[in-house]
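Undergrad: Here is what each chain is made of, one letter per residue.
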Amino acid sequence: MAHPRTYHCEALTLKQAPFGEADLLVTLFSRERGKLRAVAKGARRSNSKLVGHLEPITHLRLALNRGRNLDYVTQAQVIDSFPAVKNDLQAIARGFYVAELVDGFASEAHQNLPLYDLALAALGRVAQDSNPDLVLRAFELGLLRVSGFMPELYRCVECGEGLVPERHRFSIDLGGVLCLECRPPSAQIRPLTLRALKVLRLLDRTSLADLHPLQIDDALARELKTLLESAVEFWLDKRVMSQSVLDQVAMEAPA
Amino acid sequence: MSTDPIPAASPSLSRLIRELHKLPGIGPKSAQRLAYYLIRLSDEEAFALADAINSVKRNVLFCEHCQNLTDTSPCAICTGPQRNREQMCVVEDPLDVVALERTHCYQGLYHVLHGAISPLNGIGPDQLKLKELFNRVSGGPVKEVVIATNPTLEGEATAMYIRRGLAGQDVRITHLARGLPVGGSLEYTDELTLSRAFQGRQEL
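First to last, the sequence lines map onto chains D and A.
Using my numbering, you'd call the opening residue of the first sequence number 387 and step up by one each time.
Using my numbering, you'd call the opening residue of the second sequence number 13 and step up by one each time.
FYI, nobody ran anything at the bench for these hints, they're computed from the structure.
Take the hints with a grain of salt, since some may be wrong.
[Said to hold, decoys possible] Examples of chain D residues lying across from chain A (beta carbon under 7 Å, computed): (1) Lys401; (2) Ser432; (3) Asn433; (4) His439; (5) Pro442; (6) Gln476; (7) Ala479; (8) Val626.
We put the CB at the ideal spot given by N, CA and C, even for glycine.
Model the full assembly from the supplied sequences, consistent with the hints where possible.
TA: Structure representation (structure tokens):
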């Protein structure tokens, strides 16, 4: 049976780019079909019925028409525009960071419900949590988990033995913690403090929606940030563009 | 089989098609059509186009004050005797200056940022003419900065960054109104625009 010409889906807008004279090319991460790119005809005109609905970081209900190469957005209704994210400069930068990582890890036309729920949970909390950076760390670890790149946190990735506290290191390319005895050649090994390992295990056991505020000092926050950002970039295999903007905006933020 | 993706009868023509193909929105077929159109033009018209491209590349520069594109620096707007030097309107692109000038309702100066903060494209505050803006405002005659960045998420982020950068300066910071477009429809307006239109409602 032929597919119907029109279909409906629920989606998160990840990014948009000008297309043709007055159209927009929108990258969406849909609940039903994974990542898809669609054209919104005339959406750059100020009186278009779609204008404003397709801004990045918006949760939508959409109607689309199938096209030969790209589908066309015909209707859009906002479910959540994440106003708290959009009313603060640092929250916007964090929102873009989440959107870029979802765009990088999501596959086209391949449903990924755990990633969809994770992205919505992260955007829902990133502007309202007392520790938004920890929300980003939980998001990064969750992203690695739902994409099949979850680092091993309980046993040595090389010999499989359980870890002895304070006697462990971390290797991003081997995918987890290493005991001090294992020294695989050519692996990139970095130190990992016990405190950081404990936070990683806590984030592993807790869903983002259930994450409780956790007070962590600057040194630990930096260690977790460097580790998880490096792991994400390693598996993504490209630079995360929004990261430098996020870092700069955070650095210049008034105390 | 030819390896040239854009084969043509003459190497010069191939080169022209290749150059036109680099322009935004121009595919190989459109490039071919434009190239054949240029060949059919009279010498006078074709050389006028070549001369215009030549001239724009040689003569157009950034105005030392407002960063707009101009042939002479400072530009005509910055040196205009009728201009209100106490008002400065900050826009993303030179085309925004043209759009605002068409309204004839603003007589102040401009500052062109040449983009907006766009984290997904790696464009941060350092890639924009923001330092120049902050330098112009501090210690200058400007009493009001009108932020006229686009009402997109990138434009809003840029506006917030400017507001943060100008905090503590003795200037009034305003923002173009957000709301319903002329000819628009309430039914199809998104919640964010509608709520801002409601917040900015005016006495009749």
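Undergrad: Take the hints in turn and mark each one as holding or not.
TA: Status of each hint after checking the structure:
1. Lys401: holds (5 Å)
2. Ser432: Holds, about 4 Å.
3. Asn433: holds (4 Å)
4. His439: Nearest chain A Cβ about 5 Å off; hint holds.
5. Pro442: holds (5 Å)
6. Gln476: violated (9 Å)
7. Ala479: holds (6 Å)
8. Val626: violated (9 Å)
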